[in-house]
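2 protein chains.
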Amino acid sequence: MKVKGVNLGNWLVLEKWMNPALFDGTDAEDEYYLPQKLPGEVYEARIKMHRAEFISERDFVTIKAMGLDTVRIPIPYFIFGDREPFIGCTEEVDKAFSWAEKYGLQILLDLHTAPGSQNGFDNGGISGICTWAEQPQEVEFVLGVLERLAERYGMRKGLWGIEILNEPATAEIWDTLRVPERYPAADQELAKKNKPITLEFLREFYCKAYDRIRLHMPEEKYVVFHDGFQLMAWKDFMREEKYKNVVLDTHQYLMMAEMHGCEQSVEGYVKYIKEVYEPAIREMAEYFPVICGEWCLFNSLACGHDTKGGQSVLNGVDGLQEEVMLPEEKKEIYQALAEAQLAAWNAGNGYFYWSYKLLTDTVNTSGWVGWDAWDLGRCVDFGWFPKQ
Amino acid sequence: MKVKGVNLGNWLVLEKWMNPALFDGTDAEDEYYLPQKLPGEVYEARIKMHRAEFISERDFVTIKAMGLDTVRIPIPYFIFGDREPFIGCTEEVDKAFSWAEKYGLQILLDLHTAPGSQNGFDNGGISGICTWAEQPQEVEFVLGVLERLAERYGMRKGLWGIEILNEPATAEIWDTLRVPERYPAADQELAKKNKPITLEFLREFYCKAYDRIRLHMPEEKYVVFHDGFQLMAWKDFMREEKYKNVVLDTHQYLMMAEMHGCEQSVEGYVKYIKEVYEPAIREMAEYFPVICGEWCLFNSLACGHDTKGGQSVLNGVDGLQEEVMLPEEKKEIYQALAEAQLAAWNAGNGYFYWSYKLLTDTVNTSGWVGWDAWDLGRCVDFGWFPKQ
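Protein sequence lines, in the order shown, are assigned to chains D and P. Sequential numbering from 412 applies to the first sequence in the numbering used here. Sequential numbering from 412 applies to the second sequence in the numbering used here.
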């Protein structure tokens, strides 16, 4: 099995930096606080328009033309519309299946958020908060969502698989990213309950989730679990016969490599990719099919300055106002890093680029020079990313 | 001079069929009635989100990668925000200039609507109404808008030109299209004042507009006028020395050719293109540079049924529910018609495809089979339209 895919990030799970207009005129930093900052019908109008416009039929045609075969769709825990004030999105996911089936693409449904958040990232539902795993009723709620997803979409021809939960943060990543500083909590009282997730909890949760999903989803479809940012920790996991078509998902961003000391040069990045990413994936591929479910070409070198691990103006870190690299220089860097990373992911079972599209305006808003590399559409059009 | 361009239709001037979500839950058929049917802040939220998402920086990157060099941007008469309840859009146009200049594209600003409408089309501001030219104060208002456009954008590096007014309807097209039936007026009292525009009026208006635009826009930028659907009527127009860089714009759609009796077969279309369009353009190119400012690949043959001149479910005419053509058949038809039409437009001075993008969902909404040919993005991705 090999997968060549892209994430439809910011469609059904919002990220402010990818779509500032949605948050216009509010001080909300994430999708949790957005409905608190807007009149109800304005919130609804913004969300509905965004969903109708950000991804549409034509994007599935484009993704197919890029040579890709699969899309990973981040979905929120409130997809079924039972968590007010948030608005459900089964209608959009239903449409996505029709488009995928029409144009010959497959869908990986990725549960990207949990109530109380599983990681405290801005994209985890609520910035700076990580309390989900501490609340048994919310853990059960998420298992229920997974079961309902399998029930609704398990038999769809266009379904590739279901990913249990995106990026649960274990202690290591919590400390490396310094989550509380990087994503300050709006509610400091709530933040006092923060606790990184343990591997022990995750293992148990993943096994339960597998069972609940398999109640409705046939064995030929994949159940995907994220490594919790500890790729090597899963060698003794789900070894039993009953677990079929389970895929291990690891996310590898060059900005994280930089935080781990990777030199900010083409040679430095390529060396890191070949000597760190690739052998690890190769090793784990003996235990599970391994995908790199999120990665991109973004790096500090092509930005023209050290981004300190991908921190942006939203983290209070100024980016460059003007390009300092020539287009040809950037192209060379990105092409080399695309080649090296694609080779690493193909040592496993393929990849999903993060992300298909972003609305971030690098020309009219200041500090975003170099951030267009997160947008696969632009990468393809600029010739940075090879046709697949 | 040769131009290879595309229209950014439905961005700043709305068309319901291209973007149903904007009109969701209302019975408005056009952008005039939309704000009357929605609470003010919902209207504002929908419009702002639509403008932020429908076209963004990444689309300029894509258009450049398609090999095109120019975009035609339809703008409404209320661009300057002085016609409540409509919301101005200079901010969006300003951004477009920055993007165009960054990525090496040029912009043709096309005044697409006039108060009271110049054509009664759904895209002319108010369906079924054509009263603008009868109101001297509104004629003056439009001249003022053109002057302000030239003042604001005349010196921009990214400006290719300004088009005075899109598709003023003279008696011939009014009768051919049977505008009052095709676009029923919501206000029948108002419709009683309808009057197609005369060539005499247009000539005088265009001359005045030229002078007002040239007050601020240098002579190397183009002033474009639409033929009023009478391509051959302009041989004795603006022959005086003072008129510099004036371009004649004609719009040629195969659905109109069908209404004029063109046979619905590849041979029929190609024959019509070569024997009607091309000689006419060649003849008029002796008087003005001639562009085909709107055209597309859409035709009844590839739809699989006679669309009666491009009538859709919005006109109460049912389209097909299911594809009847094979993808390869469609591709052959569209490729042949792209080649023939591009050759015809190049007998003049080039073209602008209508349109870059539409959100119309041919999979999940019924009756739209074949309408994806209006979307250049999809045409390129499907391989129907050659890389320029």
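No wet-lab data here; the hints were simulated from the structure. One should not assume that every hint holds.
[To be verified] Rough simulated footprint, nothing fancy, chain D against chain P, three-plus residues with beta-carbon under 8 Å:
(1) 444-453
(2) 456-468
(3) 552-565
C-beta: ideal position from N, C-alpha, C; glycine also.
Q: Check each numbered hint from earlier against the structure, then list the numbers of those it violates in ascending order.
A: Hint 3 alone not satisfied by this model.
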